[in-house]
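Participant: Read off the chains here:
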Amino acid sequence: MQRHLISAADLTRDDAVLILDTAEEMARVADRPIKKLPTLRGRTIVNLFFEDSTRTRISFEAAEKRLSADVINFSAKGSSVSKGESLKDTAQTLEAMGVDAVVIRHGASGAPYRLANSGWIDAAVVNAGDGTHQHPTQALLDAFTMRRRLTGRDAGLGQDLAGRRITIVGDVLHSRVARSNVDLLHTLGAEVTLVAPPTLVPVGVENWPCEVSYDLDSTLSKSDAVMMLRVQRERMNAAFFPTEREYSRRYGLDGDRMARLPEHAIVMHPGPMVRGMEITAEVADSGRCTAIEQVANGVSIRMAVLYLLLGGNEPAVTRPTGSEEK
Amino acid sequence: MDTHANTQATDARPVLEGPDIARVLTRIAHEIVERAKGADDVVLLGIPTRGVFLAQRLAAKLEQITDRRIPVGSLDITMYRDDLRMHPPRALARTEIPGDGIDGRLVVLVDDVLFSGRTIRAALDALNDIGRPRAVQLAVLVDRGHRELPIRADYVGKNLPTSLRETVKVQLAEEDGRDTVLLGAKPADQ
Amino acid sequence: MSKILIRGAKVLGGEPQDVLIDGETIAEVGTGLSADGAEVVEAEGRVLLPGLVDLHTHLREPGREDSETVLTGTRAAATGGFTAVFAMANTFPVADTAGVVEQVWRLGREHGYCDVRPIGAVTVGLEGKKLAELGAMHESAAGVTVFSDDGKCVDDAVIMRRALEYVKAFGGVVAQHAQEPRLTEGAQMNEGVVSAELGLGGWPAVAEESVIARDVLLAEHVGSRVHICHLSTAGSVEIVRWAKSRGIDVTAEVTPHHLLLTDELVRTYNPVYKVNPPLRTERDVMALREALADGTIDIVATDHAPHPHEDKDCEWAAAAMGMVGLETALSVVQETMVETGLLDWAGVADRMSAAPARIGQAAGHGRPVSAGEPANLTLLDTAYRGPVDPAGFASRSRNTPYAGRELPGRVTHTWLRGKATLVDGKLT
Numbered sequence: 001m002q003r004h005l006i007s008a009a010d011l012t013r014d015d016a017v018l019i020l021d022t023a024e025e026m027a028r029v030a031d032r033p034i035k036k037l038p039t040l041r042g043r044t045i046v047n048l049f050f051e052d053s054t055r056t057r058i059s060f061e062a063a064e065k066r067l068s069a070d071v072i073n074f075s076a077k078g079s080s081v082s083k084g085e086s087l088k089d090t091a092q093t094l095e096a097m098g099v100d101a102v103v104i105r106h107g108a109s110g111a112p113y114r115l116a117n118s119g120w121i122d123a124a125v126v127n128a129g130d131g132t133h134q135h136p137t138q139a140l141l142d143a144f145t146m147r148r149r150l151t152g153r154d155a156g157l158g159q160d161l162a163g164r165r166i167t168i169v170g171d172v173l174h175s176r177v178a179r180s181n182v183d184l185l186h187t188l189g190a191e192v193t194l195v196a197p198p199t200l201v202p203v204g205v206e207n208w209p210c211e212v213s214y215d216l217d218s219t220l221s222k223s224d225a226v227m228m229l230r231v232q233r234e235r236m237n238a239a240f241f242p243t244e245r246e247y248s249r250r251y252g253l254d255g256d257r258m259a260r261l262p263e264h265a266i267v268m269h270p271g272p273m274v275r276g277m278e279i280t281a282e283v284a285d286s287g288r289c290t291a292i293e294q295v296a297n298g299v300s301i302r303m304a305v306l307y308l309l310l311g312g313n314e315p316a317v318t319r320p321t322g323s324e325e326k
Numbered sequence: 001m002d003t004h005a006n007t008q009a010t011d012a013r014p015v016l017e018g019p020d021i022a023r024v025l026t027r028i029a030h031e032i033v034e035r036a037k038g039a040d041d042v043v044l045l046g047i048p049t050r051g052v053f054l055a056q057r058l059a060a061k062l063e064q065i066t067d068r069r070i071p072v073g074s075l076d077i078t079m080y081r082d083d084l085r086m087h088p089p090r091a092l093a094r095t096e097i098p099g100d101g102i103d104g105r106l107v108v109l110v111d112d113v114l115f116s117g118r119t120i121r122a123a124l125d126a127l128n129d130i131g132r133p134r135a136v137q138l139a140v141l142v143d144r145g146h147r148e149l150p151i152r153a154d155y156v157g158k159n160l161p162t163s164l165r166e167t168v169k170v171q172l173a174e175e176d177g178r179d180t181v182l183l184g185a186k187p188a189d190q
Numbered sequence: 001m002s003k004i005l006i007r008g009a010k011v012l013g014g015e016p017q018d019v020l021i022d023g024e025t026i027a028e029v030g031t032g033l034s035a036d037g038a039e040v041v042e043a044e045g046r047v048l049l050p051g052l053v054d055l056h057t058h059l060r061e062p063g064r065e066d067s068e069t070v071l072t073g074t075r076a077a078a079t080g081g082f083t084a085v086f087a088m089a090n091t092f093p094v095a096d097t098a099g100v101v102e103q104v105w106r107l108g109r110e111h112g113y114c115d116v117r118p119i120g121a122v123t124v125g126l127e128g129k130k131l132a133e134l135g136a137m138h139e140s141a142a143g144v145t146v147f148s149d150d151g152k153c154v155d156d157a158v159i160m161r162r163a164l165e166y167v168k169a170f171g172g173v174v175a176q177h178a179q180e181p182r183l184t185e186g187a188q189m190n191e192g193v194v195s196a197e198l199g200l201g202g203w204p205a206v207a208e209e210s211v212i213a214r215d216v217l218l219a220e221h222v223g224s225r226v227h228i229c230h231l232s233t234a235g236s237v238e239i240v241r242w243a244k245s246r247g248i249d250v251t252a253e254v255t256p257h258h259l260l261l262t263d264e265l266v267r268t269y270n271p272v273y274k275v276n277p278p279l280r281t282e283r284d285v286m287a288l289r290e291a292l293a294d295g296t297i298d299i300v301a302t303d304h305a306p307h308p309h310e311d312k313d314c315e316w317a318a319a320a321m322g323m324v325g326l327e328t329a330l331s332v333v334q335e336t337m338v339e340t341g342l343l344d345w346a347g348v349a350d351r352m353s354a355a356p357a358r359i360g361q362a363a364g365h366g367r368p369v370s371a372g373e374p375a376n377l378t379l380l381d382t383a384y385r386g387p388v389d390p391a392g393f394a395s396r397s398r399n400t401p402y403a404g405r406e407l408p409g410r411v412t413h414t415w416l417r418g419k420a421t422l423v424d425g426k427l428t
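Chains as they are written, first to last, in my numbering: chain P, 1 to 326; chain H, 1 to 190; chain L, 1 to 428.
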């Protein structure tokens, strides 16, 4: 692995499988009476959130605390950032406090990349979502959820997602989740199909390692997992689609559509769900919907990423040789 | 413990062969039964990788002796190591605690080689987060000396005086295709 | 004034000749000229061009003196071999009145490094709603002939039509920053493969091309002339080529950076590559070079856009758009046009001096290097090759995309009406 986690595209297949396998072990910690590991004792991690995202922040915070790291939460709201302090100044201020890693969520695509590559700070940088660019830990937790459900917890160890057919539906254009998932799922050998109205697919998508379809119904029967992306109602005002009703009729997942999925297929959602828009309550609350599991898996994945980035004197090598010098 | 893998010590010589290993494990099993007064509350926890196979073999022998099922599991100590920051992070191994847990039981930790004692220190910390055993004991196939912590084994397959320039390599059929303990010299460049 | 003999220079890249400057004028061009009483500049192996003219410079004064002033900007111009620059109107206050344009013009005269020809805003406050007093600016001491809302597009078709018509009364020209505003809301980079991957808002080529298409048709309809600023796409080239073939009076410029750099550089998220219009694709770059060579694009203009360090030392979306260009323009043109065989030095003299002077009506500039002409000249060491070092810039700003990049050519001397502004690479 590299020193930072900026983009799912930076991960090799072996990196990704190592993270998933590590997360599988981390998940077992949640079943123990003491849900804590001493691994990152004495390491300080700052959660630098320029964008509101309570879910992602809490997930990282839980992961950090379970690994015994010291956690500083920094939210741009009500801070000096809203008074015009720059990303650079903020990051340098935090580093002066002795931070080992920065988990950053930022509205501007590329902000974590800049933070990691501009020489402003030395700390490791973990991208917790940047603009419409990337959200690599989300893609990892999604892949983790798929591997668990489709292959099995133990049977999945060491395995990728070769041959799995994943359909991602919704606002691809504005979605960092979609970008990260396309990159990672491709690396893991899955076949990805994006389904969206043409207005919500970016120009240039033809170079992505995936298929694009405008027709949800034709993809359902050959999907092992269907991932529904949130569609913000405001998009309607910018003429991306005519009405909420028309969107959900063409691209929403309801009970009828779910029934056309193969028996084993799962329905995923990164949350927060807009019920009645991209997904009906019937589907959201069904046993096939993994939205809640994804949240739990998020903590395990973030523990794995933080351990592999910060647990040693340098980031994990892709193929550790096991118990060498004990 | 020394390197198990990848170190092809050029002049490594076997100090224990397959039959020797079987014999010392039988002996340790008998010792456990004797000291644990029938071993009715024993839980064996192997330390990955090879400690787990040894624990499974010991459990089989204990079951033969006592005619009772012996709970056996694994305890990965990676996250509790004190040298984490000296190496890149390692892949994690499985911690598998038998269903009835370890509270109030006699836990026998099983490992292949006892060296500095730091692995066992980490194992004791890891146990602490999992439950509260009645007592903890330690069984090792080889004790090669050079302790850096006040730790000793309760059951030792073979005491093997070594110099720090030597390597001890345990190979087990489950992982390496054969049973043997090799004593060799460290490559000159180390 | 004293005499200067430039000895053995390749005039417009041709055979070595001597050029004698007497006072403000070129006295004689020939071989074996007498050095009697003249200061001699040995120019063997170097190329002598007419002083360069930049139709598109942002000097930032008044208002943003932290990034550039008329003084620092004209010093940068002299360093780059320019003897005249056209200063864009997007200052604070906007150059939409006779008062502001006269101030800029006067500052240029006082400093004396380079003639400054202010460009007047087309509309009040660059807001695109109400025509500025174009006539008053033309009649002012600054004698404005070029009008532009550069930085913003005159997107209202009626306002654009009126402006094109109105300037005919005094032979002015409207220079359009072609950018359809609705198609470029939130735009951060060229829309295409790279923007899709990086998740940056796309600036589609069609937003430029549709405005150019509209404006050449408007120019044809009202019988006026229009100039297109910083043309950046292959499609724009096609439209201008078509318009010219129809006899429409259109001229177009390309920036040095659009001749060299592509949107692949944005992958670094380094805002030094953030510019408007954005860096495009390799295909566009090649089409622009071709068009500059065949005359479809008339001129190179720098779009020199200085920004203070903090406006670029940040995340991409927060960064200002623009690059400095005066001090590297000739090197980039040598690299992309001369060394590729697309243009000879006479061609460079046309695209960077004669044609921009003609479009902007900069009297005394862009003239032939011959006896009796004003001594606006620049001498270039074309054999030089070295890395760009922003620390050595005369500009107040350092936002160059070429830092550390090796480029050919170095301006050694610049003369403005016989007065040396640059000698051996050093400002006077």
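None of these hints come from the bench; they were simulated from the model. Treat the hints with care, as some may be off.
Straight-line distance between alpha carbons at most 25 Å, and here's what the computed DMTMM-like set of lysine to aspartate or glutamate pairs gives [said to hold, decoys possible]:
hint, chain 1, residue 1, chain 2, residue 2
1, H, K61, H, D129
2, P, K36, H, D82
3, P, K88, L, D66
4, H, K37, H, D100
5, H, K158, H, E148
6, P, K88, L, E310
7, P, K36, H, E96
8, P, K36, H, D125
9, P, K36, H, E17
10, P, K35, H, D100
11, P, K35, P, E61
12, L, K3, L, E39
13, P, K88, L, E28
14, P, K35, H, D82
15, L, K244, L, E264
16, P, K65, H, E31
17, L, K3, L, D381
18, P, K88, L, E65
19, H, K61, H, E148
20, H, K37, H, E175
21, P, K35, H, E175
22, P, K36, H, D154
23, L, K129, L, D156
24, P, K88, L, D313
25, P, K65, H, D129
26, P, K65, H, D83
27, P, K35, H, E96
28, H, K158, H, D103
29, H, K37, H, E17
30, P, K35, H, E174
31, H, K61, H, E96
32, P, K35, H, D125
33, P, K36, H, E175
34, P, K35, P, D10
35, L, K244, L, D344
36, P, K35, H, E148
37, P, K65, H, E96
38, P, K65, H, D125
39, L, K168, L, E185
40, P, K36, H, E174
Participant: Compare the structure with each hint and give your call.
Facilitator: Hint by hint, here is what the structure shows:
no.: 1; hint: K61/H <-> D129/H; in the structure: 29 Å, violated
no.: 2; hint: K36/P <-> D82/H; in the structure: 16 Å, holds
no.: 3; hint: K88/P <-> D66/L; in the structure: 20 Å, holds
no.: 4; hint: K37/H <-> D100/H; in the structure: 20 Å, holds
no.: 5; hint: K158/H <-> E148/H; in the structure: 19 Å, holds
no.: 6; hint: K88/P <-> E310/L; in the structure: 10 Å, holds
no.: 7; hint: K36/P <-> E96/H; in the structure: 16 Å, holds
no.: 8; hint: K36/P <-> D125/H; in the structure: 12 Å, holds
no.: 9; hint: K36/P <-> E17/H; in the structure: 41 Å, violated
no.: 10; hint: K35/P <-> D100/H; in the structure: 18 Å, holds
no.: 11; hint: K35/P <-> E61/P; in the structure: 14 Å, holds
no.: 12; hint: K3/L <-> E39/L; in the structure: 6 Å, holds
no.: 13; hint: K88/P <-> E28/L; in the structure: 58 Å, violated
no.: 14; hint: K35/P <-> D82/H; in the structure: 19 Å, holds
no.: 15; hint: K244/L <-> E264/L; in the structure: 32 Å, violated
no.: 16; hint: K65/P <-> E31/H; in the structure: 42 Å, violated
no.: 17; hint: K3/L <-> D381/L; in the structure: 22 Å, holds
no.: 18; hint: K88/P <-> E65/L; in the structure: 24 Å, holds
no.: 19; hint: K61/H <-> E148/H; in the structure: 32 Å, violated
no.: 20; hint: K37/H <-> E175/H; in the structure: 32 Å, violated
no.: 21; hint: K35/P <-> E175/H; in the structure: 31 Å, violated
no.: 22; hint: K36/P <-> D154/H; in the structure: 29 Å, violated
no.: 23; hint: K129/L <-> D156/L; in the structure: 8 Å, holds
no.: 24; hint: K88/P <-> D313/L; in the structure: 8 Å, holds
no.: 25; hint: K65/P <-> D129/H; in the structure: 15 Å, holds
no.: 26; hint: K65/P <-> D83/H; in the structure: 20 Å, holds
no.: 27; hint: K35/P <-> E96/H; in the structure: 15 Å, holds
no.: 28; hint: K158/H <-> D103/H; in the structure: 30 Å, violated
no.: 29; hint: K37/H <-> E17/H; in the structure: 30 Å, violated
no.: 30; hint: K35/P <-> E174/H; in the structure: 32 Å, violated
no.: 31; hint: K61/H <-> E96/H; in the structure: 20 Å, holds
no.: 32; hint: K35/P <-> D125/H; in the structure: 14 Å, holds
no.: 33; hint: K36/P <-> E175/H; in the structure: 30 Å, violated
no.: 34; hint: K35/P <-> D10/P; in the structure: 30 Å, violated
no.: 35; hint: K244/L <-> D344/L; in the structure: 23 Å, holds
no.: 36; hint: K35/P <-> E148/H; in the structure: 29 Å, violated
no.: 37; hint: K65/P <-> E96/H; in the structure: 23 Å, holds
no.: 38; hint: K65/P <-> D125/H; in the structure: 18 Å, holds
no.: 39; hint: K168/L <-> E185/L; in the structure: 33 Å, violated
no.: 40; hint: K36/P <-> E174/H; in the structure: 32 Å, violated
Hint violations for this structure: numbers 1, 9, 13, 15, 16, 19, 20, 21, 22, 28, 29, 30, 33, 34, 36, 39, 40, all remaining hints satisfied.
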